[in-house]
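Generate coordinates for the entire structure from the input sequences, incorporating the hints supplied.
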Amino acid sequence: MDVVIRRRGAFVCRSCTQILQRQLRRAYSSTAAQPDVYDVVCVGGGPAGLSLLTALRANPVTAHLRIALVEAQDLAKIKSWNLPQNRFSNRCSSLTPSSVQFLDGIGAWKHLERDRVQAYQEMQVWDGVTGARIEFDWAPGSAPTTGTTIAYMNENLNLTSGLLKRIDELGGVSVFDKARVESIAYGEETEELDLREWPVVHLSGGKQLAARLLVGADGANSPVRSFAGIEARGWDYNRHGVVATLEMEGEGWGGEQAKIAYQRFLPTGPVAMLPLPGNYSTLVWSTTPSNASLLKSLSTKDFIAMVNAAFRLSPTDLQYMHTQDSGQADEYSWRLEHTPFDNRAVPQTVVGVQEGTVASFPLKLRHADTYIAERIALVGDAAHTIHPLAGQGLNQGQGDVQSLAKTIEYAVSHGQDIGVTMSLEPYVSERYAANHLLLGVCDKLHKLYSVGRGPLVPLRSVGLNAVNALGPLKTFFMNQAAGNGIKVF
Amino acid sequence: MRPPLRRVPVALRTARVIPHSPTAAPWLQPPSQRLSTTTSIRHTSSSTSHSPASASVNETEISHFSALASSWWDPHGPSRPLHLMNPLRHDFIQSCLASSPSSPSSVPHNNTTDGLRYLDVGCGGGIFAESAARLPSTASVTAIDPSPIILAVARAHAKRDPALVATRGGQEGKKSLTYLSETIESLPLPPNPVDRFDVVSVFEVVEHVDYPAAFLDRVGEFVRPGGWLVLSTIARTWTSWLTTNLVAEDLLGVVPKGTHDWHKYINEDELRAYFAAKDGGRWGVPRVMGVVYVPGLGWKEVKGSEKVGNYFLGVQRIG
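Chains as they are written, first to last, in the numbering used here: chain X, 1 to 489; chain S, 1 to 319.
Derived from the structure by calculation, the hints contain no laboratory data. Keep in mind that a hint or two might mislead.
As the list claims (entries may be wrong) - Derived contacts from chain S toward chain X, CB cut-off under 10 Å, selection only:
1. Ala69
2. Trp73
3. His76
4. Arg80
5. Leu88
6. Asp91
7. Gln94
8. Leu97
9. Phe128
10. Ala132
11. Arg134
12. Pro136
13. His157
14. Asp161
15. Val165
16. Asp217
Claimed, not checked - Some chain X residues flagged as far from chain S (calculated, every beta-carbon gap over 12 Å):
17. Ser80
18. Val181
19. Gln208
20. Ala433
Computed from a predicted model, the values in this text were never measured in an experiment. Each residue gets a CB set at the ideal place from its N, CA and C atoms; glycine is no exception.
Have a look at this one:
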């Protein structure tokens, strides 16, 4: 906090606040609680919120801003998050090289446990109905200069823990964790000050935080978004994402240096297996809610059989195995003998699943009508929720944060009030269309591959085979996946 | 109420400007001469009300801007182009300060605190004054405007920002932003030159005053040696008549009707000549930046556009 105090010309320096407090107390001596005045109040301590605050604190232009973080969970626990080398959390995200570059630029990347992060260099995507296949590996000369890594698989907790360590190192953020947002309301007018257009966050325990800019990084059901009266439109896919941490028979067909991500489009939704360090992989299986609850109810042996089947057996076989209450392991080994497939074209065999890692969550698409209102900005899931099939959710949030931090920096360096829509407009114009396009593409992909029969099926195979045959187009798709191609949007 | 001149045909309006030689633009003439050449057309009602103490103030202009007071801070209101231009003002000032080997901080001055002291002349609702007061490099901003109605808007708006209400660095008494209902003629001039201002800004004002030369003479006195006088205005060309009067006011309506009197526009070379002749070489060579408003994109710097439309001009007081 010393840094905050010593810097002259802070938007709201501590001494100013103290004077204001005194003035306010004089004016309303009977009122018990008066709001603390902050430049930025961020509700939500997930990857998006923490990255934003880290970016603001790490930048000398915005480092003097008075910043508060509100989070329901115990952040000390997340910061000290620690798992043995052979245990992995089931909530992992794919980080694109551009997200990693951003995290490195704000000094957070070095605080992650790097030996728990797995880069992958190849993607295998195929159609479960027709077998049409696209192999995403870098053709000679087509790899971007940044390296051959398509993306990095990383546990979300590794990221949030690293960000919290970086924020600790930078200092200057007032953290209100284990705190519930009781309500958000507008401030009051006193003789000296008119806060009638400033949102005031009321916390459990009576604390009040007045925000020049209130950032909603508070997830898909964002209370900040509700307060701002911004609608989030979209639909539920009637699908659940089943996740698990898997133990594989080996490091992968390409060994440690050439890790491969796999995704197979099944009529019920895509099933993806993404590499973690060593013999481990993480599963994201989008499927119907009833299939999801069956998968969660199976014994470890039967669950492993179902995952192996999902990448090898025909959709008809899989459909049948989902009707069994148990005994999938026997069913799988019998049916596998009668199914021809290229062993090297599918993931290595799953041999184990880590205890307590099988879980599921409903999939939905949501997009807020706008990301800003007077003294409000939304980032990450509060602004948009995407189908996980392209692994872009967390990266979209990082893109938002990078853009918003840049917008705030410009406003501060030009004396603008960072909370007014005039200052925030560049953030929306930079991010809204790009996010909307990606949301739409992933939505269309999901719907296209949800069709089990009919004229669309041969057409989409032609599409995948054609893409596979056309080098430049494939390179374009890979650049998109690696986050290099955002300029195209 | 709009000046009657705006209804005069274009040919007549231009005819009254062009005959003067380039080195002696009409506005450079002293008030007495200027009155005799233009007042008969331009200010039939208000010309007699001018007193020496408020030579720069035009009652018609004041009432025009007072009528806009309530919408001054509406980001989608008539002042939107001004809001969008504001960041460029800071960019321009920064480029001026960075250009001088003897930046204001290295020249002796009487600042008790570090940072720049600004005087914003014709501050209106305070778009620039507020933003200058928020900059970490600012010690204080004094902002003046002759319209009490607009100043009431400016004061009410500043009250919404704790950073502008609070005193700087916790010092008692000295606020970072002070609004005064003054004209440049009525504002007391600090007797000691080093107590004067680091930056005196006159944004979108000179095209609204009747006697710009007399006005700028007075404004210039408030700049301390080593400080900068920074202004922005519009060149008097066919292009600027088309864009600011016909298109912006009459066709698109992005600027309220009657805001601009094209006849009062001042060309960049006229200002250069003015500063070159002024005070016996105590002013440096002006820096100029031309800007163009692109609907939907905002203001963009366009090299050379100072000859045809909106431009910034900054000049350092050397001695």
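- Query: Can you list which hints this structure breaks, lowest number first?
  - Reply: Violated hints (numbers, rising): 1, 8 and 16; every other hint is consistent with the structure.
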